[in-house]
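Number of protein chains: 2
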Amino acid sequence: MIPDPERTYPVPSVRRLPIYLSLLRRLRAAGLEAVSSTKIAEELKLTGIQVRKDLAMTGIVGRPKVGHSIHELIEHIESFLGWDRPQNAFLVGVGHLGTALLGYKGFAQESLNIVATFDNSPHKIGKKILGREVYPMEMFPTMAAKQEIRIAILTVPARVAQETTDVLVGSGIRGIWNFAPIQLSVPDDVIVEDVSLSSSLAVLSQKLNHRP
Amino acid sequence: MIPDPERTYPVPSVRRLPIYLSLLRRLRAAGLEAVSSTKIAEELKLTGIQVRKDLAMTGIVGRPKVGHSIHELIEHIESFLGWDRPQNAFLVGVGHLGTALLGYKGFAQESLNIVATFDNSPHKIGKKILGREVYPMEMFPTMAAKQEIRIAILTVPARVAQETTDVLVGSGIRGIWNFAPIQLSVPDDVIVEDVSLSSSLAVLSQKLNHRP
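Sequence order for the protein chains is A and B.
All letters in the first sequence, in the order written, are residues 1 to 212 by my numbering.
All letters in the second sequence, in the order written, are residues 1 to 212 by my numbering.
This is chain A alone, in the form it adopts within the complex (with noise of 0.2 Å):
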């Protein structure tokens, strides 16, 4: 099965594909060369189908009993994300967020490439921050164009986080990495993928409340 550009995924597949892709990383490191489906199931506490389902997304064929090449797996996986090259993107917003963000060691895995950094701060202009040179907001459409860059993480205070999406936007930003605190409006070309801290404490909040 060929993955269909027109299709839709459903969302929770498509969020667990990371983690099938750090446990097979794990198992290559280890020296292992094929897994099955209920061997994965079973390591990260899913079921069987969920599992099935999920590869079965990517383009793997199932092969029940011989197992899957971990080497194959992680191929399908990398290239169904386009993790299997690098992903440029320009950080928007360097205050504590944008430097935890510069600094965490993960994206590398994830093929993203933070090449330039963005802020209007005078303060943090023209320095360097973890090894990335701050730009001031006036350069972000040219140096956009010229090294076509489609993603931006957005690390900005809520109360300028449209203003500034607007230029993203406008400098051919296709997509948006969002932690802004708010909900932003873009045309229907552009995606946005929040990160809600709010949410994800909400859920939190709610089972300690109402535990049983």
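Hint data in this document are derived by calculation from the structure and do not stem from the laboratory.
Incorrect hints may have been included.
If chains are identical, the list can't say which one is meant, so a pair holds when it fits in one copy or spans any two.
[Said to hold, decoys possible] Simulated pairs of lysine-lysine, DSS-like, Cα-Cα distance not exceeding 25 Å:
1. Lys207 with Lys53
2. Lys207 with Lys146
3. Lys45 with Lys65
Based on these hints, arrange chain B on the given structure of chain A.
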């Protein structure tokens, strides 16, 4: 309808509650006193059915045509989440991400109150970071017991996340907000809510990769 402590609630609905809260507070600040579920749905680009279902989950009784009292809606949602009283928490791991969370202003509205922070680094212990003193990890159990802390925010590196979790659980922590990119093992009565940056990035990458 009174929310039932034995029930489990749909996670997507719970995740939307802070978004309702944020809108309702904005409407209240603008001087409004009542709002219909249809208006809420319009503002948040949801369906009316979704909004009515989500609000009913918190025990709010539908009032077609009349609209809801904004004040009552806010009270119901806050009480459902336990956000109507302070939630004291300890933060463990004062790196870039931990510091970012300490500096995050949104937590006040979610009643989350980070009362102390912990780290193992001699360079950090005893310092104040954004107004909170950093204590050595050895002091966690005694301080958690004394202050009756049930929530911990975990922002340590993945390689020490499980051993740290064991200390938290042994110290009476019942809810862990986990930012470490690892699946934690905890007893059944401990709730873990993961903020998985990889999973969120996977959703963005996949959509960009399969753009029609």
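Subject >> Violated hints, by number in ascending order, as checked against the structure >> reply: Hints that this structure does not satisfy do not exist here, as all of them hold.
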